[in-house]
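Asker: Which chain is which? The protein sequence lines are A and B, in order. Going letter by letter, the first sequence gives residues 1254 to 1506 in the working numbering. Going letter by letter, the second sequence gives residues 69 to 328 in the working numbering.
Read the hints as simulated data drawn from the structure, not as lab findings. All figures in this text were calculated on a predicted structure; none of them were measured in a lab. Among the clues, some could well be false.
What the hints assert, rightly or not - Simulated DEER-style distance windows between Cβ atoms: (1) A:Asp-1436 / B:Leu-309: 42 to 50 Å; (2) B:Ile-324 / A:Met-1401: 46 to 54 Å; (3) A:Arg-1369 / B:Asn-116: 18 to 26 Å; (4) A:Thr-1488 / B:Val-99: 44 to 52 Å; (5) A:Pro-1437 / B:Gly-71: 14 to 22 Å; (6) A:Asp-1356 / B:Ile-127: 51 to 59 Å; (7) B:Lys-102 / A:Asn-1490: 32 to 40 Å; (8) A:Asp-1319 / B:Gly-292: 19 to 27 Å; (9) B:Gln-78 / A:Asp-1380: 52 to 60 Å; (10) A:Gln-1335 / B:Phe-248: 54 to 62 Å; (11) A:Arg-1369 / B:Phe-256: 41 to 49 Å; (12) B:Ile-75 / A:Ser-1495: 34 to 42 Å.
Claimed, not checked - Result set (DSSO-like, lysine-lysine): computed pairs, CA atoms no more than 27 Å apart in a straight line: (13) B:Lys-108 / A:Lys-1332; (14) A:Lys-1300 / B:Lys-291; (15) A:Lys-1505 / A:Lys-1441; (16) B:Lys-95 / A:Lys-1332; (17) B:Lys-207 / A:Lys-1422; (18) A:Lys-1332 / B:Lys-102; (19) A:Lys-1310 / A:Lys-1424; (20) A:Lys-1422 / B:Lys-108; (21) A:Lys-1310 / B:Lys-95; (22) B:Lys-291 / A:Lys-1310; (23) A:Lys-1332 / B:Lys-207; (24) B:Lys-298 / A:Lys-1310.
No residue lacks a Cβ here, since even glycine has one placed at the ideal position from N, Cα and C.
Take a look at the letters that make up each chain.
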Amino acid sequence: MNSQRDISKREIVLQIKNLNKSFGDNHVLNGFNMTLYQGENLVIMGKSGSGKSVMIKCLVGLMEADSGSISVMHNDITKLNQEALDILRADIGFLFQGSALYDSMTVRENLEFPLRRHTKKFKGQIDTEELVIEALSNVGLESAIDLMPSELSGGMKRRVALARTLILKPKIILYDEPTSGLDPITSKEIIILMQDIQKKYNTSSLIITHDVDCARVISDRMILLINGTDYAEGTYNELSLSEDSKIKAFFKH
Amino acid sequence: MLGFNTINTQLRSFFIEFGELSFFTFKFFKVVFKRPFELKELMRQCYNMGNRSLLLVVITGFIIGLVLTLQTRPTLMEFGAVSWMPSMVGISIVREIGPIITALVCAGRIGSGIGAELGSMRVTEQIDAMEVSGTNPFKFLVVTRVLAVTLMLPLLVIVGDAVALYGSFLVENVKGNVSFMLYFNQVFDSLEFGDILPATIKSFFFGLAIGIVGCFKGYYCEKGTAGVGKAANSAVVFTSLLLFVIDFIAVFVTDIFYDL
Chain A
1254 MNSQRDISKR EIVLQIKNLN KSFGDNHVLN GFNMTLYQGE NLVIMGKSGS GKSVMIKCLV
1314 GLMEADSGSI SVMHNDITKL NQEALDILRA DIGFLFQGSA LYDSMTVREN LEFPLRRHTK
1374 KFKGQIDTEE LVIEALSNVG LESAIDLMPS ELSGGMKRRV ALARTLILKP KIILYDEPTS
1434 GLDPITSKEI IILMQDIQKK YNTSSLIITH DVDCARVISD RMILLINGTD YAEGTYNELS
1494 LSEDSKIKAF FKH
Chain B
69 MLGFNTINTQ LRSFFIEFGE LSFFTFKFFK VVFKRPFELK ELMRQCYNMG NRSLLLVVIT
129 GFIIGLVLTL QTRPTLMEFG AVSWMPSMVG ISIVREIGPI ITALVCAGRI GSGIGAELGS
189 MRVTEQIDAM EVSGTNPFKF LVVTRVLAVT LMLPLLVIVG DAVALYGSFL VENVKGNVSF
249 MLYFNQVFDS LEFGDILPAT IKSFFFGLAI GIVGCFKGYY CEKGTAGVGK AANSAVVFTS
309 LLLFVIDFIA VFVTDIFYDL
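Isolated chain A, as found in the complex (with noise of 0.2 Å):
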């Protein structure tokens, strides 16, 4: 509990207020709130299919709210234009479910794409080289630069992934379902580099996942998407213990 009062003194890099999103009849998001303090790991679980990637593609403008607002780093994302959505976007890394690696470039080129409309945040001293071998070392993954996509497994291509969401340096990485498709080694893996980096860049982290072991390890504080709504909110211990029949089925095995 001291640890979680202590993360909430922190600064505010991320808030949504009553976020509502629907498809037709389809109500994924009802009025759905969430923090994010500077530092801190937040994992939100939920169901497939109740609208965690919905919540995490409208925070970075992928898709439109209904309406709500969305505060990231202090500029409402829903009132800024294409421009200045993009350099925000520097700012918050996204590491894809399926990692989206590009597949007609190979990894080098995959991890300097996104420098090629970011330099101004090097303040044009940029050595594309250096960053991309930085990047690469950070997941362990120098030898596989000059590799086609198609030539990694699925834990290789998760780890290139998080190094092309690493290379611009972000204050906020969103994890869309790190873990998912992945062995469960392979999966213990990837939640290490993640709390690594955690603790190398001082970075917020968002992390969407329906893994109880992912949520155990690296939360911070965990919310419980249930029915579109920030059903529950706390520590995994706190919610683990919980008597509602809701919240326990999270935790069933």
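Let chain A serve as the given structure and place chain B on it in line with the hints.
Answerer: Okay, now just chain B, sitting in the frame of chain A:
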């Protein structure tokens, strides 16, 4: 009643898709002259599309030239008009057969390729990843591909025409002992600027149609692998149909100019 409902639904979805395609085309023209210009990617696409379609266009053109001459020869001989062969084949290849056959081949080769590539990029969230990294995916993926195929198709048509005429010459040379100089002198004597210009303009529009439809189908691909297959397939079918419509309009407009 059921039949009416089915037709009604199909017509409705056709007009919705037509509207979306029109909006997509409008968006293309809106951003095509705006910065940033993705020149490196444009060059890469030009090389990919031009180079990879070249062999197919050459083989198709050569066979069309051979077949056209072999099929027409007996009829012309019957009327004692074999000497008209180079002019007839030259005009029909340059004005009609060359552009439409090359465009149909490219619709299959390039259009389906674009549909499948962008479709799989959409399904695997690569387009979303591009947008998050600050690059406008419409400019990077769509504009470059549409421009590349629009620029490359007229060049491929020229190559296809040349090879088809060469194929025709080979038949005439073997069967009628006509020399290279004589054959091509007759071809170029019969061709006018009014034959070449409309065919070239038409080829640009063919290229534009292949690029726009392929990109549209891929860019708005439905989720799943079935969606990718559907995008590639419908890109070819819709483009082929559109090519004939454009061809008809081009011939109609050219005819009006001839009358003037």
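Asker: For the pair supplied as a hint, Lys-291 of chain B and Lys-1310 of chain A, is the alpha-carbon distance within the 27 Å limit?
Answerer: 16 Å, holds
Asker: Evaluate the given range 34 to 42 Å for the C-beta pair formed by Ile-75 of chain B and Ser-1495 of chain A.
Answerer: 56 Å, violated
Asker: Should the hint that Ile-324 of chain B and Met-1401 of chain A are 46 to 54 Å apart at their CB atoms be regarded as holding?
Answerer: 52 Å, holds
Asker: Starting from Lys-1505 of chain A, check that the Cα of Lys-1441 of chain A is at most 27 Å away, please.
Answerer: Cα-Cα ~20 Å, so holds.
Asker: Is it true that the CA of Lys-1332 of chain A sits at most 27 Å from the CA of Lys-102 of chain B?
Answerer: With Cα atoms ~23 Å apart, Lys-1332 of chain A and Lys-102 of chain B stay inside 27 Å; holds.
Asker: Measure nothing beyond the straight line between the CA atoms of Lys-1332 of chain A and Lys-207 of chain B; if it is 27 Å or shorter, mark the hint as holding.
Answerer: Roughly 23 Å separates the two Cα atoms, so the pair holds.
Asker: Given the hint that Lys-108 of chain B pairs with Lys-1332 of chain A, does the C-alpha gap stay at or below 27 Å?
Answerer: 33 Å, violated
Asker: Does the Cβ-Cβ separation between Asp-1436 of chain A and Leu-309 of chain B fall within 42 to 50 Å?
Answerer: Because 48 Å falls inside the window, the suggested range holds.
Asker: Does the Cβ distance between Arg-1369 of chain A and Phe-256 of chain B fall inside 41 to 49 Å?
Answerer: Because 48 Å falls inside the window, the suggested range holds.
Asker: Within 32 to 40 Å: is that where the Cβ-Cβ distance between Lys-102 of chain B and Asn-1490 of chain A falls?
Answerer: Violated - the Cβ-Cβ distance for Lys-102 of chain B and Asn-1490 of chain A, about 53 Å, lies outside 32 to 40 Å.
Asker: With 14 to 22 Å as the target window, see if Pro-1437 of chain A and Gly-71 of chain B comply at their CB atoms.
Answerer: 55 Å, violated
Asker: Given the hint of 44 to 52 Å, is the C-beta distance from Thr-1488 of chain A to Val-99 of chain B inside that range or not?
Answerer: The hinted range 44 to 52 Å holds for Thr-1488 of chain A and Val-99 of chain B, with Cβ atoms some 48 Å apart.
Of the hints listed earlier, those the structure fails to meet are numbers 5, 6, 7, 12, 13, in rising order.
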